[in-house]
Amino acid sequence: MQNLTLILVLAAMAGGAFYMGRRRSFAVVGGPAHSAQLHSLPGYYGYFTLIWCLLPALGLFLLWVLLEPKVIVALIVESLPDAQRTMSAGELNLLVNNIQNLAAGDAISGEIDTVMRDAADRFNEYVAASRQMLAMLTLGLAGLGGAIALRRIRPEFRARNRVEQVVLYLLIAASSIAILTTIGIVLSVLFEAIRFFREVSVTEFLFGLTWSPQTAIRADQVGSSGSFGAVPLFAGTLLITAIAMVVAVPVGLMTAIYLAEYSSSRIRAVAKPLLELLAGIPTVVYGFFAALTVAPWVRTAGESIGLQVASESALAAGLVMGIMIIPLVSSLSDDAIHAVPTAMRDGALGLGSTRSETMIKVILPAALPGIVGGILLAVSRAIGETMIVVMAAGLAANLTANPFEAVTTVTVQIVTLLVGDQEFDSAKTLAAFALGLMLFVVTLCLNVLGLTFVRKYREQYE
Amino acid sequence: MRASRKNSREIVEAGLARRRRKEAAFRASGMLATAVGVIFLGVFFATLVMQGASAFKQTFIKLDVEMSASVLAPDGKLDLAYADFDGLVRNALRKEFPDVSGRSERRELYRLVSIAAGYQLRDMVAADPSLLGSTSTIWVPASSNVDMLIKGNIDPEIDESLRPINDAQVAWVESLQENDRLETRFNTALFTNGDSREPELAGIRGALMGSFYMLIVTVALAFPIGVAAAIYLEEFAPRSRWSDLIEVNINNLAAVPSIVFGLLGLAVFINWMALPRSAPLVGGLVLSLLTLPVIIIASRAAIQSVPPSIREAALGLGASKMQVVFHHVMPLALPGMLTGTIIGMSRALGESAPLLMIGMVAFIVDVPGGFTDPATALPVQVYLWADSPERAFAERTSAAIIVLLGFLLIMNLAAVIIRKRMERKW
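Chains as they are written, first to last, in the working numbering: chain A, 1 to 462; chain B, 1 to 426.
Next up, chain A with everything else stripped away, as it sits in the complex (with noise of 0.2 Å):
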């Protein structure tokens, strides 16, 4: 709460940095009226005012927040008599948030002793130092670069070239945040990764035929020696991902077609923002679908052919995630047809073809590069599709191509590994990330594929 206080007054010292610094602009001419002699519009010196007041004052204030934690803690475990200070690191770091929390005045596990009363109000007193300091400093930082711009204003100072300037960094750094993302996507998922291949190689990860990411806990314990052996996952996934392209395909490709040739508009008009409702549904709504309406059907239905079907079969998965590709499908497809020249279409049509054979021999060859790409784009969409399979396909790492038994998938195993609670050095939650490294590559590569085929294509016939 006090940060927000701090913000607020913050932002009240901006707000008269700004009004201060027009008023000096008009008060170096000699009022209003002369504002003409200004190089800039008063409002700029304004602006001017206001940013070298906020800008430092904000950037040390984040700055602080961010670092204030990690550095209470390091001068806590410095003070901290020797007995505790040589504890291994899981146990220091237990200490550490036991005495966190006894400062906090939460319930905390174990005994209090007086190391850790004395740690814990020695922690209440850094906190609240660090608070008065924090506050002194960043209002101080604020009035002193508000006073500062306020000399610099002089009739012939360029105060609006000066804001544009400062905007337009804003502008790039904004900019620069999605290729911070991709970094950090990058960063975190091979740190982590790299881990885990230290404990288990490269070789055994990508070729192994077992998956039971179970761990020993103690040396003695039986059948969780804990292998890492991804083949099952990746056919499972692909499996799935099958299933869904031959529901997924044919249909979207051809309700497409339909829509662009020979549906009437009154038609096309309902059909598209229905499909486009498709779409919108979010995806564990069609997990929940999946997993309680469409999966009992694939059992009944496979029973009564006489079929073993486990309840959690892929088929259900499939089936429903290709239902939610549709759109998708169609959408790219639709865009790549428009995208033939008429010209093609026309003298087809002209030599006599029907219009299925002009389509099937003039235009769906001639779009076919865009189709393509569309393919790619949603095959990397149901490879990385998390809560279908999360709630309708299983856990157990099958390695079959039958689509009545279950299987799992990267993105199942991915979260059943990090959902609840985790040891964060353990190599099954390493896993996940060694996991997540090859989704990422993948999508990645099926992406930038698929994206490429798309954007050429379309250049093709502009």
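It is worth saying that the hints were derived from the structure and are not from the lab. Bear in mind the structure is a predicted one, so any value in this text is a computation, not a measurement. Beta carbons: idealized from backbone N, C-alpha and C, even for Gly. Possibly wrong hints are sitting among the right ones.
[Unchecked claim] Cut-off 27 Å, straight-line C-alpha distance, at most; resulting in silico cross-link-like pairs (DSS-like, lysine-lysine):
| hint | chain 1 | residue 1 | chain 2 | residue 2 |
| --- | --- | --- | --- | --- |
| 1 | B | 22 | A | 361 |
| 2 | B | 62 | B | 151 |
| 3 | B | 420 | A | 272 |
| 4 | B | 57 | B | 151 |
| 5 | A | 361 | A | 456 |
| 6 | B | 95 | B | 77 |
| 7 | A | 361 | A | 272 |
| 8 | A | 272 | B | 22 |
| 9 | A | 272 | B | 425 |
| 10 | B | 95 | B | 62 |
| 11 | B | 321 | B | 425 |
[Stated by the list, open to error] Residues from chain B shown here face chain A by an in silico Cβ test under 8 Å; the list is partial:
| hint | residue |
| --- | --- |
| 12 | 40 |
| 13 | 225 |
| 14 | 249 |
| 15 | 260 |
| 16 | 386 |
Go by the hints and put chain B onto chain A.
Frame of chain A; chain B shown alone:
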């Protein structure tokens, strides 16, 4: 010459019937494909409404509760935290069915009423201590099994061992019904309660508030950053390798699986920056990274649609490049940017996979009151309830989905309206 022309014509005519059949088949398969999507949508909404509509109703039982002081304050002192309000409910039930005897039978009887009844009595006494010693007639929620029976989700005709409610209980419920002591009303608990292990007490308010806080963070970050990035890329960025890289990068980010963003959030925000787990703040941060590409792409399209003549006119009148953008281009592109933002927000509202990674799947009873309180989100609540075995939770899951879809529909309608109302054709 003449013969050969006739010949080729014959060839064409001979094939015509076959080609027309093919044409009809092709057309029919197109129609079928379109129908598949539409039919699925119909089946989907029908099952959802059929399963979920009943969750908006809840069964209540009328009881004459004697607020006897001897039960509540045996030693003469009333302590609200420890007083035996459940005992009052049990007494009232025993009075209603005096001929029920035997411990196990009575326990079956007590199971007709939700454990919420005791809390309800406690709140009444807390609000008005003078009730002590009086008898009041109140409606208390029935247990979820009775609720399911009344709504027809449990069939009383099937074998007793196959249903969670036994024959005696069914008989008691029927007798309550005959005495007008049973009715179904609008289920307000669904909208005012947080999560609970008891289906009849579980509500979506906690999840709704969690989603609300997350969306606030998301829109506060993603909208300004997305718009600023779009402005830079469209108006200022020099055509260079760097801007090409950013462009490719944004298109790719839009297609990265959402769960990967969850891994990023777990590694960066929680493990590295040590932000609290399960907090809407972290959820909002992850979702804003997730929606940023959507907003940037939509905003760039909006900026592109502003005709260059506007820019040239402003430049001609002496405006600086920055003034052109902020005084003229941005106001004109704003409807498109807002539409893109709303679409992005509706995607964020439905997203659940990345939230699983950052610990927003915990069972949380309290309604979150701030950005750092533990919380879950509406789609995650759907996921959690879908896992529960009780029949009553399936019903509530559907109800939560209906609410979620309702919000999504409102947001998308808002986007359509903004686009229709404010978009200019040049």
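(message) Less than 8 Å between beta-carbons is the criterion; does residue 249 of chain B satisfy it with respect to chain A?
(response) 5 Å, holds
(message) Checking one constraint from the list: CA of residue 420 of chain B to CA of residue 272 of chain A, max 27 Å. Satisfied?
(response) 18 Å, holds
(request) Please verify that hint: residue 40 of chain B, Cβ, nearest Cβ of chain A, below 8 Å or not. (result) At about 5 Å, which falls below the 8 Å cut-off, the nearest Cβ of chain A leaves the hint on residue 40 of chain B intact, so it holds.
(request) Take the C-alpha atoms of residue 62 of chain B and residue 151 of chain B, compute the straight-line distance between them, and say whether it is at most 27 Å. (result) 18 Å, holds
(request) Compare the distance between the alpha carbons of residue 22 of chain B and residue 361 of chain A with 27 Å, and conclude whether the hinted pair is satisfied. (result) With a Cα-Cα distance of about 13 Å, the restraint between residue 22 of chain B and residue 361 of chain A holds, given a limit of 27 Å.
(message) Given the hinted pair residue 95 of chain B and residue 62 of chain B, is their Cα-Cα distance within 27 Å?
(response) 12 Å, holds
(message) Need the status of pair residue 272 of chain A, residue 425 of chain B: alpha-carbon distance at most 27 Å?
(response) 23 Å, holds
(message) So if I understand the rule, the pair passes when the alpha-carbon distance is 27 Å or less; does residue 361 of chain A with residue 456 of chain A pass?
(response) The given pair, whose Cα atoms are some 21 Å apart, holds under the 27 Å limit.
(message) Between the alpha carbons of residue 361 of chain A and residue 272 of chain A, is the straight-line distance 27 Å or under?
(response) 26 Å, holds
(request) Assess, step by step, whether the Cα of residue 321 of chain B is no farther than 27 Å from the Cα of residue 425 of chain B, and give holds or violated. (result) 24 Å, holds
(message) Need the status of pair residue 272 of chain A, residue 22 of chain B: alpha-carbon distance at most 27 Å?
(response) 26 Å, holds
(message) For the restraint on residue 225 of chain B, tell me whether the closest CB of chain A is nearer than 8 Å.
(response) Interface hint status for residue 225 of chain B: holds (5 Å vs cutoff 8 Å).
Hint check: no violations occur; every hint is consistent with the structure.
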